[in-house]
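Visitor: Chain by chain, the residues:
Protein chains: 2
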Amino acid sequence: MTDATSKRLSRPGPAEAGRDAVLEAAAEEFVKHGFTATSMDGIADALGSTKGRVYHYYRGKAEIFLDVVLHGMHDLLLMIEPIATESGVPARERLSRMVRSHALCMMEASNPQRVAVQLVQYRGMPELATHTETTERIIELRRRYERAFRDVVSEGIADGAFLDVDPSLAAKSMLGSLNWIPMWFRPGRGADEVARIADFFSETALRSLEAEGA
Amino acid sequence: MTDATSKRLSRPGPAEAGRDAVLEAAAEEFVKHGFTATSMDGIADALGSTKGRVYHYYRGKAEIFLDVVLHGMHDLLLMIEPIATESGVPARERLSRMVRSHALCMMEASNPQRVAVQLVQYRGMPELATHTETTERIIELRRRYERAFRDVVSEGIADGAFLDVDPSLAAKSMLGSLNWIPMWFRPGRGADEVARIADFFSETALRSLEAEGA
DNA sequence: ACAGCAACATACGGCGTAGTAGGTTGCGAG
DNA sequence: CTCGCAACCTACTACGCCGTATGTTGCTGT
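Just so you know, the sequences run in chain order Y and G.
So in full-length UniProt numbering, the last one in the first sequence is 214, and the numbering has no gaps at all.
So in full-length UniProt numbering, the last one in the second sequence is 214, and the numbering has no gaps at all.
It should be emphasised that the hints constitute simulated quantities derived from the structure, not laboratory data.
Every value quoted in this text rests on a predicted model; they were computed, and no experiment measured them.
Be aware that a few hints might be false.
Pairs involving identical chains hold if they fit within one copy or between any two copies, as the list cannot separate such chains.
To be verified - Think about it this way: if two alpha-carbon atoms lie no more than 25 Å apart in a straight line, the pair counts; the simulated SDA-like pairs of lysine to any residue are:
#1 K32 to V120
#2 K32 to A191
#3 K61 to R196
#4 K32 to A161
#5 K61 to V120
#6 K51 to G160
#7 K61 to D151
#8 K32 to L169
#9 K51 to E136
#10 K51 to E155
#11 K32 to A46
#12 K51 to D41
#13 K61 to E136
#14 K51 to L70
#15 K61 to S39
When you get a sec, could you build the whole thing from the sequences and use the hints?
Guide: Structure representation (structure tokens):
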């Protein structure tokens with residue numbers, strides 16, 4: 001315990017380098033095959049080692065999966081909450097940046113963030129039933145994430161920049177189109193193409209909240 | 001072969017009633033648990049019978065899964081293509097109806113259509129490697145589906161109703177937000193609430209394609 | 001120099017599940 | 001009446017995979 005972080009998140013800590021390597025490999029496997037189709041041996045193979053290493057740091061498949069999702073959501077929040085709450089910036093500008101950041105994140109090769117958004121389908125996964133505590137934390141983080149978007153929309157409505165639509169539905173709609181990006185986007189495109197796509201989603205989101213012209 | 005349909009789709013045929021019951025039960029299971037977590041015995045249980053019945057109609061798990069997806073995509077196309085190509089109706093009106101139809105479909109309890117859209121993640125599923133023919137057909141149907149949306153957007157741009165945006169990205173964005181609905185929508189809501197949500201997505205999609213006012 | 005622990009590797013048990021092989025029932029035709 | 005086939009059911013096998021139990025290695029404090 002060399003650092004004084006809240007829950008051993010955010011800062012690896014030099015002694016936890018091995019654990020982080022496992023986490024990264026697991027994220028890569030989960031994003032490729034999903035939860036059930038990912039095997040412990042597969043994660044170990046991606047690490048170039050064996051299961052012993054994985055089980056040294058985690059007690060089971062469910063635990064490592066939830067840790068990947070937890071880290072992913074944590075990183076996402078760390079990315080967008082500062083933007084959402086930045087004072088002196090108009091709501092539509094903040095929302096634009098949030099959408100762009102999230103879009104860029106979805107187009108990166110493989111990371112815990114993508115696992116976090118792609119695998120919300122963990123309903124009816126009996127393996128996670130015993131990990132209620134971590135599951136609750138993840139759900140709370142997801143709520144905070146959606147709330148960040150919803151609040152910025154609400155502020156935009158309040159100051160007249162946006163139409164008076166349902167902020168909750170607006171947030172779900174925006175995040176849905178963004179979270180769906182990994183379904184069709186194939187990495188390997190140039191950085192300019194990625195930027196163009198991110199811009200598109202940013203501009204589209206803003207237009208969907210503003211009054212139609214003639 | 002009492003009917004003359006193209007590929008034994010669209011019309012059950014009286015002799016195929018048992019097969020359709022299997023298909024329906026399989027769709028329900030796949031939408032609940034996903035591909036790998038769905039077991040043949042689970043499908044049989046949902047039918048109130050045993051595996052023998054399932055294996056009587058299908059040769060394996062991959063085959064029944066692909067058939068569910070194929071039927072789902074087929075039904076979706078049957079729903080939206082007539083709207084997309086209806087003559088005498090302006091593009092924005094057609095697009096509005098298409099979005100609303102798709103949204104309503106995503107909020108129904110359990111059906112092959114939801115399996116079709118939710119489980120596009122069948123990349124890296126080695127079990128489907130031997131079914132290239134059916135997979136190709138599904139991919140072709142998916143392309144046609146997206147093209148229907150893209151074409152209507154293009155027509156709207158051509159006649160000046162929509163802004164000059166990238167039609168392909170616009171289609172992907174719209175379909176993404178719609179396909180994400182099952183992730184947060186929990187059935188059991190009233191019909192009026194469902195209609196309100198469908199209206200929201202329809203109006204939002206149109207606004208995102210039209211010029212900003214103010 | 002030695003104790004002890006972290007950081008792995010190896011080998012194995014046991015269970016869930018896909019697929020198979022061989023019955024059984026019931027109906028329709030001749 | 002019975003032949004035959006569709007429509008199932010039952011019992012079994014084979015295999016993949018999670019988790020565990022038991023090494024082995026290397027560093028580190030004293």
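Visitor: Now tell me if each hint is right for this structure.
Guide: A quick look at each hint next to the structure:
When the C-alpha separation of K32 and V120 is checked against a cutoff of 25 Å, the pair qualifies both within a copy, at 15 Å, and between copies, at 12 Å. When the C-alpha separation of K32 and A191 is checked against a cutoff of 25 Å, the pair qualifies only within one copy, where the shortest distance is 22 Å, while the shortest distance between copies is 37 Å. Proximity of K61 and R196 under a CA criterion of 25 Å is satisfied in neither setting, with 38 Å inside one chain copy and 40 Å between copies. For a Cα distance limit of 25 Å, the shortest separation of K32 from A161 qualifies neither inside one copy, at 40 Å, nor across copies, at 40 Å.
In this homomeric assembly, K61 and V120 come within 25 Å of each other (Cα to Cα) both inside a single copy, at 16 Å, and across copies, at 24 Å. Proximity of K51 and G160 under a CA criterion of 25 Å is satisfied in neither setting, with 56 Å inside one chain copy and 60 Å between copies. Neither within a single protomer nor between protomers do K61 and D151 lie at most 25 Å apart by alpha-carbon distance, with minima of 35 Å and 45 Å respectively. Taking CA atoms no more than 25 Å apart as the test, K32 paired with L169 passes between copies only; the shortest distance there is 24 Å, against 30 Å inside one copy.
Taking identical chains as interchangeable, the C-alpha atoms of K51 and E136 are never at most 25 Å apart, the minima being 28 Å within one chain and 37 Å between chains. Taking CA atoms no more than 25 Å apart as the test, K51 paired with E155 passes in neither setting, with 50 Å inside one copy and 56 Å between copies. For a Cα distance limit of 25 Å, the shortest separation of K32 from A46 inside one copy, 12 Å, qualifies, whereas the shortest one across copies, 29 Å, does not. Proximity of K51 to D41 under the C-alpha cut-off of 25 Å is restricted to the intra-copy arrangement: shortest distance 6 Å within a copy versus 30 Å between copies.
Taking CA atoms no more than 25 Å apart as the test, K61 paired with E136 passes inside one copy only; the shortest distance there is 18 Å, against 34 Å between copies. Taking the shortest alpha-carbon separations for K51 and L70, only the intra-copy value of 22 Å comes in at or below 25 Å, while the best inter-copy value is 38 Å. Within a single copy, K61 and S39 get their C-alpha atoms as close as 8 Å, and across copies as close as 20 Å, so both meet the 25 Å cut-off.
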